[in-house]
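Quick note, the sequences are listed as chains D and R, same order.
Quick note: the first sequence uses my numbering, first residue 17, plus one each step.
Quick note: the second sequence uses my numbering, first residue 63, plus one each step.
The set of hints was computed from the structure by calculation and includes no laboratory data.
Even glycine gets a Cβ: it sits at the ideal position worked out from N, Cα and C.
There may be inaccurate statements among the hints.
Partial list, derived from the structure: chain R residues whose beta carbon lies under 7 Å from chain D [to be verified]:
hint	residue
1	Val418
2	Gly421
3	Ala534
4	Ile537
5	Cys592
6	Glu657
7	Gly662
Listed next, the in silico DSSO-like pairs over lysine-lysine satisfying Cα-Cα at most 30 Å (straight line) [as the list claims (entries may be wrong)]:
hint	chain 1	residue 1	chain 2	residue 2
8	R	Lys404	R	Lys180
9	R	Lys550	R	Lys365
10	R	Lys548	R	Lys523
11	D	Lys163	R	Lys523
12	R	Lys180	D	Lys293
13	D	Lys172	D	Lys209
14	R	Lys587	D	Lys209
15	R	Lys484	R	Lys371
16	D	Lys172	R	Lys637
17	R	Lys637	D	Lys163
18	R	Lys587	D	Lys178
19	R	Lys542	R	Lys137
20	R	Lys542	D	Lys209
21	R	Lys542	R	Lys180
22	D	Lys293	D	Lys163
23	R	Lys523	R	Lys137
24	R	Lys523	R	Lys587
25	R	Lys180	R	Lys137
26	R	Lys371	R	Lys404
27	R	Lys180	D	Lys177
28	D	Lys178	R	Lys637
29	R	Lys570	R	Lys542
30	R	Lys102	R	Lys570
31	R	Lys587	D	Lys163
32	R	Lys542	R	Lys484
33	D	Lys177	D	Lys87
34	D	Lys87	R	Lys137
35	R	Lys523	R	Lys371
36	R	Lys230	R	Lys180
37	R	Lys323	R	Lys388
38	R	Lys587	D	Lys177
39	R	Lys548	R	Lys323
40	R	Lys365	R	Lys587
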Amino acid sequence: MSFLPKPRLHHPELPTNELGFTRRDYEGAISTLCAGCGHDSISAAIIRACYELSLPPHRIAKLSGIGCSSKTPTYFLGASHGFNSVHGRMPSVLTGANLANRDLIYLGVSGDGDSASIGLGQFAHALRRGVNMVYIVENNGVYGLTKGQFSATSDKGARSKKGVANTDAAIDLVGMALQLGATFVARSFSGDKTQLVPLIKAALQHEGAAFIDCISPCVQFNNHVGSTKSFDYVREHNEAVNRLDFITGRDEITADYAPGEVEIVSQHDGSLLALRKLHTDYDPHDRGSAINYLQERSAAGEIVTGLLYVDPDPQELHAHLNTTAAPLNTLGEAELCPGSAALAALNAALR
Amino acid sequence: MDCALALQSRWRAGPDPVRWTGKEVPLQATEIGNPDYFHKVVDCQWACPAHTPVPEYIRLIAAGRYADAYMVNWKSNVFPGILGRTCDRPCEPACRRGRVEQEPVAICRLKRVAADYKGDITARLPEPPAVRSGKRVACVGAGPASLAVARDLAAAGHDVTVFDAEAKAGGFIRFQIPRFRLPEQVIDEEVGYILDRGVTARLGERVNSLKALLGEGYDAIFVGCGAPRGRDLPIPGRQEAAANIHIGIDWLNSVSFGHTKSIGRRVIVLGGGNTAMDCCRSARRLGGADVRVVVRSGFEEMKASPWEKEDAMHEDIPILNYLAPKAFMHADGRLTGMTFEKVRAEYDANGRRSLVPTGEPDVFMEADDVLVAVGQENAFPWIERDAGIAFERNGLPVLDPVTLQSTHPQVFFGGDAAFGPKNIIWAVAHGHEAAISIDLLLRGSDLHDRPPPAVTLVSQKMGIHEWSYDNAVSIDLRYKVPHIEKGKALNDISAEVELGFDVDLAFKEAQRCLNCDVQTVFAPKLCIECDACVDICPVDCITFTEDGAEDELRTRLNAPAHNRSQALYIADGLKTGRIMAKDEDVCLHCGMCAERCPTGAWDMQRFLLDLAQVGARRPAYAA
């Protein structure tokens, strides 16, 4: 960690977004994670995504559990709402917050321990319910805070820093998210911001449960030869199925693409994803074949990244529950107490 | 003659470290082993003609080590107390702080702090060596260039004699800079440090013949007699009104000696340089109530330093631009005023300016006295035309730009006498170079075989995230130097206007220095490309990207890199085959990249470059 805050002076030509904020305005306190931690790169990617989308910081709620990853919300979006929950319980708290105030943008930040071990049930149910959120797992395959034990996402056969091989099968959070009905599923790598930033932007604009598994090397305990989550290993085995070139709001797509090279996915809110295909046979709209493809490539030792599945017309929890369109804190007495006549009508309907 | 370029590149052996070629070829890795590369990053030191290690002494000031800070300066620029009040400060426009914030560090006034608070440093000054070379050197003129030569050569065991027509040494410094900018005791002290250490001063002795001087058997002669002649303005009325028209530098001289104690109520000062500023401010103190500066050019193009213009305007002196003097008006043999023609600037296709009349009616201004400060000229009436010194058509001597040797092998020139009017810091820089040349000549060595600078590059790492320099970046804006009250200043021509920073202000101002000499040094072999440095950099100056030609590469860095005068630091040899490109332009040298680097691929290393000098520690002359 650094003892000093990041200097406030910035590049004289630092641009501002539509709201008049610079990218620096989306930063938080200086990181206290180990120098070189992949999580810090993910924080930087989140900062860039929110800046580029011109999101008002006070309309974002960032929630996390416990762990290195869950410390990171302190290091970005210093002007946003934050909630650091009990270990593994971020999805419940996020779900509750979302039900109470559906107008905020929800960003859940978790790690492989927080989501794949103690919080596995919470992870599953939040995705299954289709909570409108971005759920990022900063996945380093190791318990960094407790000095380097294998986590539930460590690959079988991967070696610890001391050279011990992992004998347990790994939990594949992407595979689970696909099975559980998440409507936006992606995998990326903290060392590749050109891939990661557009994915986060797309996820933030997705009106449904968006899940990003982001491999994030632990420089202290999981960046050695024999690790399957090191910078070198991930770079060597990274197989991107596609590239999100850009995300526009309601702008026209001006770039020229050869037919078949790019697919334009139009999201529910009107935003557009320009998806450049790297594997022509990969279809990001077919949940079943995506699961098969992932299993197959994983067996071949590849780490598949990119936008793996997207439902352009997702359903989210509020629609399932038919909740009120307004955040609860905006409801007045008249809405909350409709009167004895309304009560009598309701009672009559149930007789 | 661009001697700035010549002086800066004289030890350059390797290829240019800044590698844009304009050709479509990928960049090559930066050669940080070439001293010029990191020297250029230290913008202030690079811009200083004497290459004083500025951040080094500013850190010493912040640490309260004023005497140490003074000695760093004294070694490099010889007159820290004088320059700390009067330098033209080429360092400040170059200061990186001015590019990331509003104003540069007040380098010049911090130098003065070192001089003000140093205490007694005489014990630190080198004594002339006991072993003498037996060689004799004469310096003509006792201004800054000659004194610098004398100091360097005396410390090397040569016997130096300084000649000056005046009874006191200092030249321009003593006789033309007004006392309210530079108190006499500062001059006495710093000139004394030189003359008290084995230099013979023959003051009050004007040299009237170079041939005669050569005849006295000197092994080498240094000419540092300045540009002593003020340019006149031969326009109608000049002769008739002569009694009230004064040449600026002569008038300042006369004021300095106390011969001139008053001036008329209405004074016109002609000229836009620093001499004009000194003239108008002096006139204000000698009874000039309505003093105005009239300049042919526009305000921005004036040669005077911005702060000198500010000081003049602060003393209620208007500066009137685009007025070309047409005639001195007079009646009954007395000056009544001046007429000026209104002009405007026009630029041709080559950007060359010409001032053309606007056609508006001429302007008449009443005046009791006029001070003419429209430039200075060189004059060498004492150098016989057959003495072996060749002159250019502009009256300047033909010189080797590196060695400052004239066409007579034993005669060297420096300061204003060499390349026309410049300033004190250039005179000092010339002095050091001429001293090296003379020392080489006296040893029988090749004058072009010049000693290289001493360069050190040392890691400043003290702990995991601790550095031996204060890497926190101050966000304070530039502090103003306190002045004495205006009424008091205008009543007493010898009252120094600037009070100088006190210790507290000096500390705060010193903390504004970005420590540009503490370099970001990158070791590609150690880099794991984790992006930590990219993410933390407060000014987005680091990019990992595909190699490319410079023009194209500059367009796809993480932040705009428009400033082509600042280099890109390029390193290859990364595992992914990409390059690391760092734009040096606005780097804060905060060390955050090195703090957040997990492998130590970035390190903060202090770059110290000391120009070679003829010094006391060199082996004594043996012949």
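Violations among the numbered hints: 1, 2, 7, 8, 10, 12, 20, 22, 27, 34, 35, 40
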